[in-house]
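Numbering (our numbering), first residue to last: 1208 to 1432.
Rather than coming from a laboratory, the hints here were simulated on the basis of the structure. Hints should not be assumed to be uniformly reliable.
[As the list claims (entries may be wrong)] Straight-line distance between alpha carbons at most 30 Å, and here's what the computed DSBU-like set of lysine-lysine pairs gives:
id : residue 1 : residue 2
1  : Lys1421   : Lys1376
2  : Lys1256   : Lys1328
3  : Lys1337   : Lys1226
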Amino acid sequence: MDAIKLISIAGAYWRGSEKNPMLQRIYGVAFETKEQLDEYLKQREEAEKRDHRRLGQELQLFTFSDLVGAGLPLYLPNGTVLIREISAFLYELKTAQGYEWVDIPHLAKDTLYKTSGHWDKFANDIFHVKGKTDEFVLKPMNCPHHVMLYAALPHSYRELPVRFAEVTKQYRDEQTGELHGLSRVRSITIDDTHIFCRVDQVLEEAKTAYKIIKQFNKTFGFHLD
């Protein structure tokens, strides 16, 4: 390799645990020729101009505050307009395909996730909230809530599928070193859907969901192969 360049230096915890010592991580690239290195650096420079963190500041879309906490984005008026427009578009797409919209709280008793089976996998990534009588968590996912909504009313197999949709927030206690702009956060705005259907309906429901995803991405210039 004739073309080598140091890109950056960053801190990282050994094995990803904040309990371990902080190490220095060195990033570099290597190419067979200087021309290949120059082309890579040019592409990298262009990508940095389009970095969402930079655009977020320039367009006044979102900000962060140490007082609020790392990984907890605050959306400015311009960013809030974007979220609402995108949410309205999703509402239009999904409503046209028979989805019903629901709304759930951001808190739940820890027993909900222990019952659903999520606790064993996500216990270390959950924000815990101690109540006066119960232990709560900030929801790390929406699946158990939507299941409870489905279970709240009697359903016949004839009325299936039942499709629940929601634009909401969920929370994960990500490690500080893994946080990155809006790409990795502790509070994420998510478009979520859960479908309750018969086995013989699964294929058609998957096709419909893919159709929505494809149409949504195409609208924003992303094409799925």
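Each hint tested on the structure:
no. : hint              : verdict
1   : Lys1421 - Lys1376 : holds, 23 Å
2   : Lys1256 - Lys1328 : violated, 38 Å
3   : Lys1337 - Lys1226 : holds, 24 Å
The structure does not agree with numbered hint 2 stated previously, though it agrees with all others.
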